[in-house]
Amino acid sequence: EAGVTQFPSHSVIEKGQTVTLRCDPISGHDNLYWYRRVMGKEIKFLLHFVKESKQDESGMPNNRFLAERTGGTYSTLKVQPAELEDSGVYFCASSQRWGVTEAFFGQGTRLTVV
Amino acid sequence: QKEVEQDPGPLSVPEGAIVSLNCTYSNSAFQYFMWYRQYSRKGPELLMYTYSSGNKEDGRFTAQVDKSSKYISLFIRDSQPSDSATYLCAVRGGSSNTGKLIFGQGTTLQVKP
Numbered sequence: 001e002a003g004v005t006q007f008p009s010h011s012v013i014e015k016g017q018t019v020t021l022r023c024d025p026i027s028g029h030d031n032l033y034w035y036r037r038v039m040g041k042e043i044k045f046l047l048h049f050v051k052e053s054k055q056d057e058s059g060m061p062n063n064r065f066l067a068e069r070t071g072g073t074y075s076t077l078k079v080q081p082a083e084l085e086d087s088g089v090y091f092c093a094s095s096q097r098w099g100v101t102e103a104f105f106g107q108g109t110r111l112t113v114v
Numbered sequence: 001q002k003e004v005e006q007d008p009g010p011l012s013v014p015e016g017a018i019v020s021l022n023c024t025y026s027n028s029a030f031q032y033f034m035w036y037r038q039y040s041r042k043g044p045e046l047l048m049y050t051y052s053s054g055n056k057e058d059g060r061f062t063a064q065v066d067k068s069s070k071y072i073s074l075f076i077r078d079s080q081p082s083d084s085a086t087y088l089c090a091v092r093g094g095s096s097n098t099g100k101l102i103f104g105q106g107t108t109l110q111v112k113p
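These protein sequences, in sequence, are chains A and B. Going by our numbering, the first sequence opens with residue 1, and the numbers climb by one from there. Going by our numbering, the second sequence opens with residue 1, and the numbers climb by one from there.
Chain B with its partners taken away, still in its complex shape:
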């Protein structure tokens, strides 16, 4: 069983739609939850991170973590064609000396004008 599961998609939505991206994880020790965005032929770029449970909002993006169900989500409001990319969830353990990130497979999103 993978430590982080993410539906690879692809996901295609019209411009202006609300997008919901999700991941599940298996280890309750994970404390940091990240969302990265990756454009084609580029490296992953950190979008948002959350420590433990709760919500975090940044502009059109909202990240949610539900530790009781081991479920993490990213919502994109008013999606734009420029949001078309692969979105990767990642988790990290709570130990301060563990820099290792565990990634989901990534969901490819296309926002059509």
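Next comes chain A alone, as it looks inside the complex:
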């Protein structure tokens, strides 16, 4: 069984540009989560999808971030325009049920904004 897959693994962009991160959850997992780790800080929750609906987006930092999950399958996280403080590692996780204890994480996308 394939795990959670994230693309790209690493992205370097200039300030002001747009970047789109993609997450393919484990097949059949209705719950999808985005997290972010900024250097030197803890991993922080961004948002939670149940199928295609946003269940909780309380962690989204500002309106430069847009997450979508069309059709309840893969998800994208777009940052537009990117700022220097957006640099970090973005993790996606998925779980079959509400219980996040069963969540599986992807390897992360390392975003560097220069």
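Hints were generated in silico from the structure; no laboratory data involved. Note that CB positions come from ideal geometry on N, CA and C, so glycine has one too. There may be inaccurate statements among the hints.
[Unchecked claim] Pulled a few chain A residues facing chain B out of the computed Cβ check, cut under 7 angstroms: (1) Phe7; (2) Pro8; (3) Asn31; (4) Glu42; (5) Ile43; (6) His48; (7) Tyr74; (8) Gln107; (9) Gly108.
With chain A held as given, fit chain B onto it using these hints.
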């Protein structure tokens, strides 16, 4: 004040040592307590979780939760070089519709042969 506090280390121990990793949390509403292990350039991997207070053992790993002091611990017995990784504690509220995990900063562990 952070909701979950964890000493980032690094922690270096010789092979075979007993390792103790700890976190404190601030909100008594948290009901689920997790330990994740993260190898370099990989995503977090769930090691163990505990619901409410008590101990849980899995092989060389033991997780403890003391809700009265809001303290969670992970013990690793007979540590191995392959245990070298970052260990992250995480908590979750008891509400069934809250999937949000709150992580500690992570403790970097190195086990030397």
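Hints, one by one, checked against the model:
1. A cut of 7 angstroms between beta carbons decides the hint on phenylalanine 7 of chain A: the least distance to chain B is about 14 angstroms, and the hint is violated.
2. A least Cβ separation of about 14 angstroms between proline 8 of chain A and chain B goes past the 7 angstroms threshold, and the interface hint is therefore violated.
3. Residue-level restraint check for asparagine 31 of chain A holds (minimum Cβ-Cβ distance to chain B is 6 angstroms; threshold 7 angstroms).
4. Checking glutamate 42 of chain A against chain B by beta carbon gives a least distance of about 5 angstroms; that is within 7 angstroms, so the hint holds.
5. Contact between isoleucine 43 of chain A and chain B, as hinted, is supported at the beta carbon level, the nearest pair being about 4 angstroms apart and thus within 7 angstroms.
6. Interface hint status for histidine 48 of chain A: upheld, as the beta-carbon distance to the closest one in chain B is roughly 5 angstroms, under 7 angstroms.
7. With 7 angstroms as the threshold, the beta carbon of tyrosine 74 of chain A stays out of range of chain B, its nearest partner Cβ sitting at about 16 angstroms, so the hint is violated.
8. At a threshold of 7 angstroms, the smallest CB-CB gap from glutamine 107 of chain A to chain B is about 5 angstroms, leaving the interface hint in force.
9. Residue-level restraint check for glycine 108 of chain A holds (minimum Cβ-Cβ distance to chain B is 5 angstroms; threshold 7 angstroms).
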